[in-house]
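Chemist: Each chain, written out:
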Amino acid sequence: MSFSELKDRHVAATAMVNTLRDRLNQKRQQLLDTDVAGYAKSQGRTAVNFSSTDLVCCRTLQGHTGKVYSLDWTPEKNRIVSASQDGRLIIWNALTSQKTHAIKLPCAWVMTCSFAPNGYSVACGGLDSECSIFNLNSQVDRDGNLPVSRVLTGHKGYVSSCEFVRDQDTRLITGSGDQTCVLWDVTTGQRISVFGGEFPSGHTSDVLSISINSSNSNMFVSGSCDATARLWDTRIASRAIRTYHGHHGDVNTVKFFPDGQRFGTGSDDGTCRLFDMRTGHQLQVYSQQQANNDQDVPIVTSIAFSISGRLLFAGYSNGDCYVWDTLLAEIWAFGGHRKVI
Amino acid sequence: MDRRRMVVLSAAESADYSFADEYKGPPLPYDIPHAVPIDVDRIPLAAVAPVSAALPDLPVVHPLPSPSSSPLKKPPPPHVTPAPPLPAASPTSVIENRAAMDRPGAEVSGALGSFGFPDRSTDLSEVVDSSGAIGFSDELGDGAAWSNEMMPNRLSTESALSSEFSFRSSASGDGDEDEAVALQAKKALLVTFQESGQSSCCMSPAVGVTPRARSEDLEMKIKKGACHRCLKGSRFTEKETCLVCDAKYCSGCVLRAMGSMPEGRKCISCIGFPILESNRERLGRSSRVLKKLLSSREVQLVMKAEKDCEANQLRPEDICVNGTKLSLEEMVLLQSCSCPPNLKPGLYWYDKVSGYWGKEGHKPDRIITPHLNVGGTLMRNASNGNTGILINGREITKVELQMLKWAGVHCAGNPHFWLNADGTYLEEGQKNVKGQIWEKPIMKLLCPVLSLPFPSKVANEVNNLFNRAVPDCFDTKALQKLLLVGHHESGTSTIFKQAKFLYSSVPFSEDEREDIKLMIQTSIYNYLAILLEGRERFEEESLDEQRDKQHLDSSGDVAFGKQNKVTEYSISPRLRAFSDWLLKIMASGNLEAIFPAATREYAPLVEELWKDSAIQATYSRRNELQSLPSYASYFLERVVDISRAEYEPSDMDILCADGINSSNGVAYTDFQFPCLACVGSSIDDDDQQEALLRYQLIRVHTMGLGENCKWLGMFEDVRIVIFCVAITDYDEYYEDANGMVRNKMMESRRIFEGIASHPTFEQMDFLLILSKIDLLDQKMDMAPLTLCDWFDDYNPVVSYHPHNKDRRGAQIGATKAQQAFHYTAVKFKRLFFSITGRKLYVAQANGLDGDSVDAALRYAKEIVKWEERLVCDILESMYGTEPSSYSH
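Chains as they are written, first to last, in the UniProt record's numbering: chain A, 1 to 341; chain B, 1 to 888.
Worth double-checking, as some hints may not be accurate.
[Said to hold, decoys possible] DMTMM-like cross-link-like pairs, simulated, lysine to aspartate or glutamate; straight-line CA separation at most 20 Å:
| hint | chain 1 | residue 1 | chain 2 | residue 2 |
| --- | --- | --- | --- | --- |
| 1 | A | Lys104 | B | Asp670 |
| 2 | B | Lys861 | B | Glu716 |
| 3 | A | Lys104 | B | Asp308 |
Quick caveat, the hints were computed from the structure, so don't treat them as lab data.
Just so it is clear, the structure is predicted and the values come from calculations on it, not from any experiment.
Working from the sequences, and respecting the hints, build out all of it.
Modeler: Structure below.
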């Protein structure tokens, strides 16, 4: 078989895949006769109403001198770790706004941070392609810095997100710019499994965000620059269980819905979407009806669900934060955030 | 008694507020701190001194007066009372003693004999500040009057002095005094002074003058500028002063008096106390004495501590805005707004709507950022106006009225105005805007005439230019970040390493060297693998050729052909096994996994392999191996050395090595440009300042960080992006992840476009460094520039005069490379202009040549400086041109 012949077949196969994908999308469109908003409306649900006092800024934590890139809560919701461009991690007491620790990082370009479920250690990762774990109970050295208790090396690109596996203190999942996600054993510092990369069903571009299923910690979902989100099972590293298409831009953030059956995404195309984990259907699109539909759509940089899941908080690159009613896709805008979370 | 003392103190406090900024010279308080280290043991000495009338005691005594005056530390009374054997009433006598000690030499007799009458007033004042246990304020008047008769001149200074003392103590002492009481007390105090100071120019205005008088006085006492600790030295010896008490110490005593300086330059006893307002400007400015005593690193640390430590910060409760003391948040807000006021302790009023800012009871001082949520509500009498016209609820002063008139505002009938920050004003209760105050260009001229503020529009407009610089001003004002990016193998790492060699004393630590050694050894295996791969190909080719030959030479016998199967590219079976193994490892991509064990094990094998004629033959054809980097031969020729375990990389090796560290992340280094001693005759202050600027070179590996440039947002605070392109890339190709062969120059161009058009870098300056310029010369002869699609319109002007060519052969060769350089530069400049509409700076460099890298980085520094100037020029022109165009 000659080279040109191979090439032709490759082209044909690619075309085939594309047509199949289109058909799949069409089929999905057919099957998905309504979205959540339509159904909820037909059921006569009304949107959540806010008065101005319902959402108030409880506390402003002051102390960082650079942009805050990421923050995470302990499971008890009483402490916060935040990572900032000034090269520090700060652990806050969320109730009193006091700083309990300030950790100076060896590499200032930190992109993500995460609390361990037991609340005793924090992980952070950034442009140094490493994920560093700090034990909050360890002794500080002479300069008052916490020593790094473990460094997870092995990524070939920046570490864009990290999250401890719930109920397993020693497991950590990271997403990286090298198109892979990795499950680590924190105690040994070894990789347990690598998701993506060599395998054909992995992401084809940088992984920007991961989120672990809150009800089944074996499942996690990752969002990537290839405009897809993928669902993985930590026990099956060889392939992604499902791939979710729909966004037209990089998926900047993914977050599981509190019930663990669906997840939300936020993307460069300025929309948030809600996907059903099992069927792969796209349940709802949350997008602003821009009067001027030019390129200036602000990018969704981060999302979060309320505990009930009824509200979706979305942060945009222009500094706005919107609250979406997940059922009716209606929004309340409120500003006030000066940073991109 | 006690009450009275408090009253006096608070009076002084209010005096402090109203005159705060008049103090220029070293104020009285200097005295106070230097005394602070009270040595209890010394007090008896002092007591003895007057008895024995001994002159030599005086130097020992010196420290005493200050302890007494230190506001927070009460001198222990028990010691004091027993001290004087004099028959006078107890408190006075103590004081007398001290006063006597105050005056070295000169007036000992007075102190001894006559209870030191002339010094009475000083004593009194000291009593007032220090312990105050004894109710002396009654006597203050008396005493002053009394001594007035004796020594009128001296007294005036002293009384002024005493006011200083009390101000000092109050400042640090009780801040919560009732203000009304304070005011009353102030009056009372003033009266006292008047009495005492009749003869000369005392009184409240004199307060501003007194510090000088006082300091002279002080110097007189301490032998004209002697060190406060060893009491030696003259005014001309260099000294360091304590920020709190202004005590001066000579270089020998500084470290003993100030210890490790956890809060900067403060006597040990002053640690924890707030600094003097007059010393605020000195914060963080190092002195020659310190620099002599400590290493530069230590000085930096001390200065940082001095600037950052909490005790040295402006205390929010010292600042009152609209009658409300500020909280910390409010003060931070004030300081960090885009047009911050000049904050000093005092009472201010602030008009939130228009942004007017001034001292309480005075006309507006400046216009700061409006709508800050700071302080209480604006009072009607905030600026003490009496015109009956209100602006935003504040009765304005006459000067402002004048300004309003000039601005064409109708002020008949005492209207109440509502003035917005943008200058629009309306009458209270009405909706329609009546006009714009600031729009008349003449206002800009008139306001300074009336010494009224004019809104700094420029600050608002140029705001966005400053925005990116402001945040890092906060802590690391002097750190300028330079971002170095470039395509794979474009020379970024070499430039980075060269910068390390150039500017830092210890370029690479042991660990880093070890890391680099490993990296070089890994890469040498890499190169070998490429060679082996090439060898296999060449072997096949030559076998094919032979086969062809055999076909042609059909009659040739088989045996001959078989023999010939061994070509010059064939290797022995043992080496072949090694070669297969290495190639397999390479293919699986885990070359790193076998290190460093491989170095020990395979070193001899590598040596054998390298010496094998087949490899050498392949090596001689290395030009045909595209994937072999240009600098590989540098290492391959020394492969035998390198593959040994005991190999230590030389500086040159490090420069040539590929990459900086094994993790393909970011690398950064802080450096300063060393002073160029002989740059020119004129080294102005500007250059001096610059020497202090620190730069941080951040090198980012584009391959490792993905190509989506998601990370670029993290570098929004860099000052300049240095984009590196290897100029020799135009005919080089590489295989990307999808197996497509791409031209490296085109790839560089693609990344460059991506970065230049990234929204984060909208306002960023770019410097293009064309590296590997040294290799261009050789290459130009072999491969024309037009090999790259982008450069297909390159047709240089070549001189065709043959004799010219002969004569200046070398020169023409050089210009050829130069032409190519300029051509490439222009290509990039046009591209950059088409993307951003701005100018691209271009420099050339050769990574292996330190001077050229130095030149390129200095060029980057200059660009940063130019841009700063440019911004300044914009500011100036906005200020400068408008009035002038108006006046013509």
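Chemist: All the hints need checking, so say for each whether the structure fits it.
Modeler: Here is how each hint holds up against the structure:
| no. | hint | result |
| --- | --- | --- |
| 1 | A:Lys104 with B:Asp670 | holds, 17 Å |
| 2 | B:Lys861 with B:Glu716 | holds, 18 Å |
| 3 | A:Lys104 with B:Asp308 | holds, 17 Å |
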